[in-house]
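K.L.:
Single-letter residue listing:
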Amino acid sequence: MERNGAAPPDEVAAVLAREGQHGPVIHATNRAARLAGVTEGARVVDVKAICPDLHVEYADLAGDRLAQERLMLWARRWCPWTVLDGPDGVILETTGADHLLGGEAAMLTDMEARLSLLGLSAQLAVAPTWGAAWALARFGQVRAVCPADQAIPMLDPLPVAALRLQPETLLLLRRLGLKTIGSIAGVPRLSLTRRFASAELSANPLLRLDQAIGRLAEPVASADDRPRIRAEARLAEPIQDPTAYLPDLCSKLCSQMLHHGFGSRRLRLTVYCTDGELSTIEAATSAPVRDPNHLCRLFDGKLERINPGFGFDQILLEAVVVEPLEVVQTRFDGSAEDDLHLPRLIDRLTARFGERAVRRPVLHESHVPERAEVAVPALCDVQEMAPPVARERPARLLRVPEEIRVLYAVPEGPPVQFVWRRQTHRVTRYAGPERIAPEWWHDRPGTRLRDYFKVENESGQRLWLYREGLYDDGRGGAPRWFVHGMFV
Amino acid sequence: MSHLPRGEAPVLWVQDRMSQKEAGRPYLPGLGRRTVICVEVSRPVDVLWALEEGLRCTALGLVVGEVWGDPGALDFTATKRLAMRSEHYKVPCWLVRRSASPDLSAARNRWRVVSLPSLTHPEDPKAPGDPRWKVELFRSRDQRPGTWVARYDRAADRIDLSAPFRDGAVAEDDGAQWSRAAR
Chain D
338 MERNGAAPPD
348 EVAAVLAREG
358 QHGPVIHATN
368 RAARLAGVTE
378 GARVVDVKAI
388 CPDLHVEYAD
398 LAGDRLAQER
408 LMLWARRWCP
418 WTVLDGPDGV
428 ILETTGADHL
438 LGGEAAMLTD
448 MEARLSLLGL
458 SAQLAVAPTW
468 GAAWALARFG
478 QVRAVCPADQ
488 AIPMLDPLPV
498 AALRLQPETL
508 LLLRRLGLKT
518 IGSIAGVPRL
528 SLTRRFASAE
538 LSANPLLRLD
548 QAIGRLAEPV
558 ASADDRPRIR
568 AEARLAEPIQ
578 DPTAYLPDLC
588 SKLCSQMLHH
598 GFGSRRLRLT
608 VYCTDGELST
618 IEAATSAPVR
628 DPNHLCRLFD
638 GKLERINPGF
648 GFDQILLEAV
658 VVEPLEVVQT
668 RFDGSAEDDL
678 HLPRLIDRLT
688 ARFGERAVRR
698 PVLHESHVPE
708 RAEVAVPALC
718 DVQEMAPPVA
728 RERPARLLRV
738 PEEIRVLYAV
748 PEGPPVQFVW
758 RRQTHRVTRY
768 AGPERIAPEW
778 WHDRPGTRLR
788 DYFKVENESG
798 QRLWLYREGL
808 YDDGRGGAPR
818 WFVHGMFV
Chain F
399 MSHLPRGEAP
409 VLWVQDRMSQ
419 KEAGRPYLPG
429 LGRRTVICVE
439 VSRPVDVLWA
449 LEEGLRCTAL
459 GLVVGEVWGD
469 PGALDFTATK
479 RLAMRSEHYK
489 VPCWLVRRSA
499 SPDLSAARNR
509 WRVVSLPSLT
519 HPEDPKAPGD
529 PRWKVELFRS
539 RDQRPGTWVA
549 RYDRAADRID
559 LSAPFRDGAV
569 AEDDGAQWSR
579 AAR
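Keeping their order, the protein sequence lines are chains D and F.
The opening residue of the first sequence carries number 338 in my numbering; numbering runs sequentially from there.
The opening residue of the second sequence carries number 399 in my numbering; numbering runs sequentially from there.
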């Protein structure tokens, strides 16, 4: 399988490389490179000597794997069962599906045409077994079709490499003088069994031959996608409010999830209006949940957002994102617990107020006060940081520091009196300054340092003030003063 | 601003928008090591809803709600719901009200807290030392009302109550804040 998308032209020798043990090695080649003598698995530096104007790109192995999985699912347009076959193949179980496309040969032509429209060149074969299809696709004729009783005569002339064997076994067979599958089939079975008795499957030519000609079963276990978990209510008459149907739908959904062993992370409620409109609302949970009451309460206060129009006559509730969830017995006597678990509380708060409203502050390594804590999602797992140096910090912090007008005795000293929120406060006592320099790796150049003071006014309010900058630091005019927090 | 009960259980702290603008948000480096789940909502009604939900969760160590002013939603019924739920699930609930009038409420203990000039700092005579407040228990179901001076002892991390204004029974509760606290 080669991707032709933005590939270099065919006449340029190009290869894909991957990291090998001693530097990059060749992962895949194009036709021009193969003709120039480049083989897969060779080192790139060696090959450059043979072919100096070689075009080398790094292979994206993970991306290839994803693309192959997508292609495997896409191939279900021809048949219901498909499965990946190594890094470069897809097996389709087309039994009973070929006549829909006009026979096996016509099906192969159709596949080749559609794959070439995707920019893929493909080698296709139809055979009664997985092994025979593998062999014929790689070593047989173009678009080979092998009837059920023709497997042995069609496989006989193919080289032994068509048996999906390890390189060491291939070397051994070559040394034994067995070059084709037919020659292996001609060897008495008993001697082959004796010679390869302890060899595993990928090193055992006899087992591989049996698989290819159908003596040994090799079923296609289709990689199935997750079950669709949905509950539906079809109503006789259009209605305006789905509230009454929601508990029933939720319990149906939960019983399905229990059956499959899943819990829901995201729910979607869709109503089908009679005037041809759709309306959906979604709710998410912070942990997989299978409790109908909880799921039902997630939609509290959201149902008003549905636009019913002239009413709707079908309600669909589906679990869009599901995760595996084990069955856990919470109490020894099996009785239900009345109280609410913390994740569920978070879910409810999040469902009602939005994700940004429910946060948990955690300490962060920074001297700048507003960066010393960061807000993370409430149930997020973060590494707890060691508490910072024991400087006294206010219990409350204003989100935006509020500017104040001050009177001071000396410019570098604490204020004597200041006006904050249109009230004049006289400073009776103060502590400080504590100088906090800007973090040059975060802040814009020209950010001024801060001198923090803890001051107390005559009525006992304890505030955290700071002066931004110094008088002659050359970063703007006179320093400004701000209130940043309150002490207890 | 308050001395929280001990324990590792998380604290649910619900603020309406006005409280947050006027009095700031809780600041973790000043509160010490403890898990605080902050909820910022816009209306006082939502504060009450979040408090009620939080009181059902016994995993929480404390539920704190802050409401600014005298909203209509915070009536006798609402406070009674909070008080009863708090007693049923045994989760303490503090309702902090600022710039509010002490009107009808079903809170079990209602405190009025005003800050006083702090003590002198032992090392620096110009610096504020341990903070003090005047706390007044002006309505209570099972204790005698009284007025005390509360002093936070930073070294021992506890609040001491002394009674300079009148001879009242010393309450065992750690103080609540500004105007009143449920339970």
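You may find that some hints are simply not true.
As the list claims (entries may be wrong) - Stretch-level coverage of chain F by chain D, calculated; a stretch enters the list once three of its residues show a Cβ under 8 angstroms from a Cβ in chain D: (1) 437–450; (2) 466–472; (3) 480–486; (4) 492–505; (5) 512–522.
Read the hints as simulated data drawn from the structure, not as lab findings.
Even glycine gets a Cβ: it sits at the ideal position worked out from N, Cα and C.
K.L.:
Which numbered hints are broken by the structure, listed smallest first?
P.N.:
2, 3 and 4
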